[in-house]
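Q: Produce the complete structure using the sequences and hints provided.
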Amino acid sequence: MLTRLHLKFLAPGLALLVILVFFLLLSDQHFRLPAAATASLCKGINGNPTSSSHETDTSPFPSSDREYTYIPNQAHFVYVLADPTSDFGLHFSHYLSIYAAWRHWKPEKIYLHTNAHASSIDRATNGTSGKWDNLIFNMPGLEVRHADVPTHANNGKAIQGLEHKSDFVRVEAVRELGGVYIDWDVHALRDVRVLRESGFRAVAGRQLGGQVNSGVFMSVAGGKLMTLWQTGMHERYTGGWTTHSNEVITKYAERLVAEPGEALIMEREAFAPGSWNGEDNDMLFAVHGDAPSNLANVTQGDALPAFDEGFADRWERPGEFPEWERDWSRSYLLHAFNPDRFGHKVKGFDHITPRYVLERRSNFARAVYPIARELYNEGLIEIDDSYLGV
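According to our numbering, the residues represented by the sequence shown are 19 to 408, in order.
To be clear, the hints were calculated from the coordinates, so they are not data collected in a lab.
There could be a bad hint or two in this list.
[Stated by the list, open to error] Listed below are the simulated DSS-like cross-link pairs for lysine-lysine, each with C-alpha atoms no more than 27 Å apart in a straight line:
#	residue 1	residue 2
1	K242	K175
2	K149	K127
3	K124	K149
4	K269	K242
5	K269	K127
6	K269	K175
7	K127	K175
8	K269	K183
9	K242	K183
A: Right under this line is the structure:
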């Protein structure tokens, strides 16, 4: 039987126990992790992160959304033939472009969208239509996809020119599959993974004059920007050079910046640091006679230097860099607009050939030299290969 003395000591203990239970329940309500966060944490602890490629996750987006937010690592190229039964006739510059994308991005897939007949594709693959055709069509991870090339926009206007037909094909391809589209005269200088995985559902960049460039863009499959652009280009097509392309993507991309995560527009230097005008053509392609040829006293098979550049080299050793040499540090890609299209003659430049690049006497050559050197070291190109590859 409990005595009065026992009760005297038991009562405070019971009161303390009640207070302790109350505070435990209160703290559980305040500090309990949400169910989604708990599941995500447990998933990571069990060794199954949302994406195996992200050991350190810094994304601002909820984990449940990320597989839909990340732009897939796949590249898109388009080549429309006027005669689908003809040969492709691809150039060294085309191979340099697609190889750079493969080398820097390590894409899961490279799509080549074309209207070519099977016979043309067979000739390209077996090499009977040229060396560069052969190398491109045997690229690791390349998938040739048949493209339905439109003849008329939905507004009834006939689509003139292969370039305009390519515009319609490229937008549909990225809208359907997601990934990164680049023109054949665009050269990857580094990986774009940080942009693909930034959380934005579409990324593009400006060109000279401020419009968004249509030669480089990336998006998730079914992205809002691609969907709007696809519809808008059919409505706006007039036959003008950019009315359906740059003008439309600029209109929608600039509006979508206001919607969180829908569109990111990079500065001009990021994707299109050059342009189509004569001054920029000269800056990029002109051969500088004061620069010694990197191929002096070199014969096929000799080793070529790497020219690796350290972070501080340009201000610690400025004498090693001529005044004309461009610093490409701000550029992910280089859109090298072809001067031939605009009838501009560049001093010392005719075509992009292995020799022209490996000599390192122009800004373009120095930008893409690391890729050309790798191709040379792998025995895929020779110094005196022609730009045509025949």
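Q: Work down the list of hints and note, for each, if the structure agrees.
A: So, going through the hints one by one against the coordinates:
Between K242 and K175 the CA atoms are separated by roughly 25 Å; this keeps the pair inside 27 Å, and the hint holds. For a cut-off of 27 Å, the pair hint linking K149 to K127 stands: about 22 Å separates their Cα positions. Distance hint between K124 and K149 is fulfilled; the C-alpha atoms sit about 23 Å from each other, no more than 27 Å. Restraint check for K269 and K242: the C-alpha separation of about 13 Å stays at or below 27 Å, so the hint holds.
For a cut-off of 27 Å, the pair hint linking K269 to K127 is broken: about 30 Å separates their Cα positions. Between K269 and K175, the direct Cα distance comes to roughly 21 Å. Compliance with the 27 Å bound is thereby established for this hinted pair. Among the hinted pairs, K127 with K175 is inconsistent with the structure: their alpha-carbon atoms are about 34 Å apart, more than 27 Å. Only pairs whose Cα atoms come within 27 Å are accepted, and K269 paired with K183 is accepted, the gap being roughly 21 Å.
With a C-alpha separation of about 22 Å, the suggested pairing of K242 with K183 holds against the 27 Å cut-off.
Hints 5 and 7, counting from the list given before, are not met by this structure.
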